[in-house]
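For reference, the chains in residue letters:
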Amino acid sequence: MTGQTGDAGPRLTILYFAWLRERVGMSEESLLLPPDVNTVGTLVDWLVTRGPGHAAAFQNRRAIRCAVNQEFAEPSQILAAGDEVAFFPPVTGG
Amino acid sequence: MVRIKVQSEDFDTGAEIATLTAGRTDIGGIGCFIGTVRDHPGPVSDGSKPPVSAMTLEHYPGMTERAIGKITAEAEARWALLGCTVIHRVGRLCAGDNIVLVLAAAAHRQAALDATAFLIDWLKTKAPFWKREEFEDGTGTWVDARDDDDAAAARWG
Chain D
1 MTGQTGDAGP
11 RLTILYFAWL
21 RERVGMSEES
31 LLLPPDVNTV
41 GTLVDWLVTR
51 GPGHAAAFQN
61 RRAIRCAVNQ
71 EFAEPSQILA
81 AGDEVAFFPP
91 VTGG
Chain C
1001 MVRIKVQSED
1011 FDTGAEIATL
1021 TAGRTDIGGI
1031 GCFIGTVRDH
1041 PGPVSDGSKP
1051 PVSAMTLEHY
1061 PGMTERAIGK
1071 ITAEAEARWA
1081 LLGCTVIHRV
1091 GRLCAGDNIV
1101 LVLAAAAHRQ
1111 AALDATAFLI
1121 DWLKTKAPFW
1131 KREEFEDGTG
1141 TWVDARDDDD
1151 AAAARWG
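Protein chains in written order, with this note's numbering: chain D, 1 to 94; chain C, 1001 to 1157.
Calculated directly from the structure, the hints in this document are not laboratory data.
Cβ atoms here follow ideal geometry from the backbone N, Cα and C, with glycine treated the same way.
Treat the hints with care, as some may be off.
No farther apart than 16 Å at their CA atoms in a straight line, the calculated lysine to aspartate or glutamate pairs in the EDC-like style are these [what the hints assert, rightly or not]: (1) LYS1126/C with ASP1137/C; (2) LYS1126/C with GLU1074/C; (3) LYS1131/C with GLU1074/C; (4) LYS1131/C with GLU71/D; (5) LYS1070/C with GLU71/D; (6) LYS1070/C with ASP1144/C; (7) LYS1126/C with GLU71/D; (8) LYS1126/C with ASP1147/C; (9) LYS1126/C with GLU74/D; (10) LYS1131/C with ASP1039/C; (11) LYS1126/C with GLU1065/C.
Selected chain C positions facing chain D (Cβ under 8 Å, derived; list incomplete) [unchecked claim]: (12) GLY1035; (13) THR1036; (14) VAL1037; (15) TRP1130.
Build the full structure now, drawing on both the sequences and the hints.
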C-alpha cells in the first residue's frame, strides 16, 4: 500500500454530490484517515465528527449511496490508499 | 455498436438514428425512448408552491459513463442487439427540453422494444444523475428517488 505516513492511515479523495455537497459545503476533500478507519462504514462514522455540515449531510444514512472508485459500494467495503470515495443521494436521472 | 454521450447540448434524434443504422441492412427494428422535462405543479398540489419551470441535472463525471457502459453491456448480454445509443443531457434544462435519448436496434421488434425499456429503467436507478427542480419563485428542491422507478428496474431481475 502506498501513501501512508507514520501511524496515519491512507489518504483518500472524498466526493460529494447533490444535497450532500450542499450540506457538507464542498464538492471534494482529500483526507488522511485515522488508523482505525478502514471501511466505508467507519469512514462515515468518522466524517460525521468533522463538523456540523458533515453531521447534517450524513444524518439519515439510509438515504445515502456510496461509490468507491466509481463503482457502487456497501458500508463493509474495505478502503485503500488513493481510493476515490463518493457519497450521494439515490439517483434521479433519466 | 454502443454509443454513449453525456452532454449539455441538445441531441438530434433523426441524426442519431441515421448514425445507428448507417450502412446496415441487418437491422429490422429500432426502439426509441426520449425523456423530456415536464411542466408540472411541483411537489405541493394545493398551489402553495409555484410550478416547476426548469431543472438542473448534476452527474458524477467518469462514473456516469462507466455506469451507462455497464448498463448497455448488460442489455447486449440479454438481447441480440445490433447497436444502441444512450445520450443523457446535464446542466440546466427548461420545460419541454429533451433530457435523455435511448435507441436499441435489433433484427426483430421484441428485442428492440424490450432492450429500450430495460435501458431506461436501469438508467433511472443505476446511473449517477441527480435532478434539482426550480420553481417559478426562484426556489428549488432536489428530486427524491421514486419507489416505482426501483420497481420498474427490479422487474428485469
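- List, from low to high, the hint numbers that the structure doesn't satisfy. 1, 3, 4, 6, 13, 14
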